[in-house]
Amino acid sequence: MRFRLVMIGLMLTAVLSMALVGAVPARAQDGGTTHVVQQGENLFRIALKYGTTFTALAAANNIPNANLIYVGQVLTIPGGSGTTTTQPQTTTQPTGGTYTVQAGDYLTKIALQFGTTVAALVQANNIVNPNLIYVGQVLTIPGGSTAAETQEQPQAQPQEQPQEQPQEQSQPVPTATGAFELGGHVDSFAYPDSMRQAGMTWAKRQIRYNLGDDPGIAAGAINQAHSQGFRILLGIVGDPGQLGSGGDGYMDQFAGFLGGVAALGPDAIEVWNEPNIDREWPNGQIDPGMYTRMLSKAYSAIKGANPSVMVISGAPAPTGAEGAFGTAAVWNDDRYMQGLAAAGAANYMDCIGLHYNEGIVSPDQTSGDPRGDNYYTRYFWGMVNTYYNAFGGARPLCFTELGYVSPEGLGGLPSGFEWGANTTVAQQAQWLGRAAQLARGSGKVRLMIVWNVDFTTYDSDPAAGYAIIRPGGSCPACSNLGTAMQ
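For the sequence shown, my numbering assigns the number 2 to the initial residue and increments by one for each residue that follows.
If you're looking for bench data, these hints aren't it; they were derived computationally from the structure.
The C-beta atom is built at its ideal place from N, Cα and C for all residues, glycine as well.
Just so you know, not all the hints are guaranteed correct.
Pairwise CB distance ranges (calculated) [to be verified]:
{"id": "1", "residue 1": "N63", "residue 2": "T328", "range": "54 to 60 Å"}
{"id": "2", "residue 1": "A180", "residue 2": "T458", "range": "51 to 57 Å"}
{"id": "3", "residue 1": "S301", "residue 2": "S416", "range": "38 to 44 Å"}
{"id": "4", "residue 1": "T367", "residue 2": "Y71", "range": "35 to 41 Å"}
{"id": "5", "residue 1": "N127", "residue 2": "T457", "range": "44 to 50 Å"}
{"id": "6", "residue 1": "G444", "residue 2": "G73", "range": "48 to 54 Å"}
{"id": "7", "residue 1": "G412", "residue 2": "G257", "range": "41 to 47 Å"}
Generate the whole structure from the sequences, applying the supplied hints.
Structural data, given as structure tokens:
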């Protein structure tokens, strides 16, 4: 698939390469609460501390661009007045006791409620993967010996509430419970209601990294998704030329960038994209062992900055073209996945990334593709079983791209995509819904990101043909996907 890589152009003037640093709230002259911006903070994280929203903070402080704050800036916290000081949520909860996970919970949220850390919760409860908790799970809250009766409460409540909450509220960000979830790769993010209708709780954006980039370029995408109530997967891809010449030194800098992004609070990061083809990896250096070395550095940096971020391996391009073009230019993805497993890549990921974007038959089919070669990448189950079995079921699968191209309403498909010429929008909708249903019930798939929601490019890269928002703004696939997620 030819990607249209999205560059997030919003640059924070604050240095956002460190983990979130706590700050003590100050008393304003009028008796309210103020907060001094610390290195590594952004409005979304500050709002989370004080039980408000970043839009309310921006309005209270006359900030025209919510992505532009600076270290040392004094912010007024909306909602406090008189002699009452609104405390951050991280200090209002007692520690100790137990807590039963509720719908809408995730470890970062629970840690904030009880004034502890994700790392402490993970250690106290022997949690192998911080992204995998479930409703009804009883967690030990570290830091005290007296059992708290919090398990009977749907939400842990602050001991001291702000006197007034702003009326404008962000959508709640859904919980990652380890069950199957659905999302979409967005361009403009102009159709959040359609995404909700489709049962989506995740959004994906893609960022191209170049040497010297500040992690703050990702803040806008993270904040936008969270403000709309979606979890965010960032696919972060570097430069093949810089990697080819820089080797391990480049990998170290790339990993440092990923750690800085992780500190901003995304929910998942996909490390690179399609590393089995020379469009994304240096020609002559395609090697699953080399990628695993990068993945190990990235995993350590991400988890060191934010253990709750789900790390997804970079999905290979589904292809069988190495015989035609040679292994300097491309590795078949099944052989590449076997190489990753042999190199120990499972130790450095929470989920196995994969793409499926060349289907022209129902996801129920395992044979009968009109192209006649019966190659496994033509079929939904061919991809699921090949990737899952390569790792012996050691990790779940994450479709970071799954889509069906239809030229209906757009004109003929470009060269290289003629195979999709007969797929209708109705088939696209039906097949996406069925793929979500099958993935959800497979026990093998953790996440499915639909490629794509609202891209409009339709030239040599027919991204608009994959979009579920069709010309005119309709979304036939949304109802099928929504039904699959009920």
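Hint-by-hint comparison with the structure:
Restraint check, N63 to T328: a C-beta distance of roughly 58 Å satisfies the suggested window 54 to 60 Å. Checked against the given bound of 51 to 57 Å, the beta carbons of A180 and T458, roughly 33 Å apart, lie outside it. Restraint check, S301 to S416: a C-beta distance of roughly 42 Å satisfies the suggested window 38 to 44 Å. Between T367 and Y71 the beta carbons are some 57 Å apart, a value that contradicts the proposed interval 35 to 41 Å.
At roughly 47 Å, the beta carbons of N127 and T457 sit within the given window of 44 to 50 Å. Here the CB-CB span from G444 to G73 is close to 51 Å, well matched to the stated 48 to 54 Å. The supplied range of 41 to 47 Å is met by G412 and G257, whose beta-carbon atoms lie about 44 Å from each other.
The structure is inconsistent with the numbered hints 2 and 4, although it conforms to all the rest.
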